[in-house]
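S.K.: Full structure from sequences and hints, please.
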Amino acid sequence: MQMNNQGVKAVKVEEAAELIGIGRTLAYGLVSSGALRSLKVGARRLVPVTAIEEFIERQSRQADA
Numbered sequence: 000m001q002m003n004n005q006g007v008k009a010v011k012v013e014e015a016a017e018l019i020g021i022g023r024t025l026a027y028g029l030v031s032s033g034a035l036r037s038l039k040v041g042a043r044r045l046v047p048v049t050a051i052e053e054f055i056e057r058q059s060r061q062a063d064a
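Just so you know, numbering that gives the first Met the number 0 puts 39 at position 40 of the sequence shown, and the rest follows in order with no gaps.
Please note that a few of the clues may not be correct.
[As the list claims (entries may be wrong)] If you anchor each label on the Cβ, the simulated ranges turn out as follows:
#, residue 1, residue 2, range
1, Ala62, Ala42, 31 to 39 Å
2, Arg57, Gln5, 19 to 27 Å
3, Ala64, Gly28, 19 to 27 Å
4, Val40, Asp63, 16 to 24 Å
5, Ala42, Asp63, 32 to 40 Å
6, Asp63, Gln5, 15 to 23 Å
7, Thr24, Arg57, 14 to 22 Å
8, Asp63, Lys39, 29 to 37 Å
Calculated from the structure, these hints are not laboratory results.
Note that beta-carbon positions come from the ideal geometry of N, C-alpha and C, so glycine has one too.
M.R.: As structure tokens, then:
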């Protein structure tokens, strides 16, 4: 999946949820469990765009297995 966020390297958890196609609560749960990589910048929790792509790729491989 190619992200069309020109120059954007990280997004809010809510935006990551929208890009993945899941709910906000599930996205925060994935971040909390470590299944979706994130980083903390000040008080904000951000998800690198590469982490979203990796998550989608992992899910796709698991679905194919």
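S.K.: Confirm or reject each hint.
M.R.: Cross-check of the supplied hints:
Roughly 35 Å separates the CB atoms of Ala62 and Ala42, a value that falls within the hinted 31 to 39 Å. The given range of 19 to 27 Å is respected by Arg57 and Gln5, whose C-beta atoms sit roughly 25 Å from each other. With their beta carbons about 23 Å apart, Ala64 and Gly28 fall inside the hinted range of 19 to 27 Å. For Val40 and Asp63, the hinted distance range of 16 to 24 Å is not satisfied, since their beta carbons lie about 34 Å from each other.
At roughly 39 Å, the beta-carbon separation of Ala42 and Asp63 lies within the given 32 to 40 Å, and the hint holds. Between Asp63 and Gln5 the C-beta distance comes to about 30 Å, which lies outside the given range of 15 to 23 Å. About 20 Å separates the C-beta atoms of Thr24 and Arg57, a value consistent with the hinted range of 14 to 22 Å. Checked against the given bound of 29 to 37 Å, the beta carbons of Asp63 and Lys39, roughly 33 Å apart, stay inside it.
Consistency note: the structure conflicts with the earlier hints numbered 4, 6.
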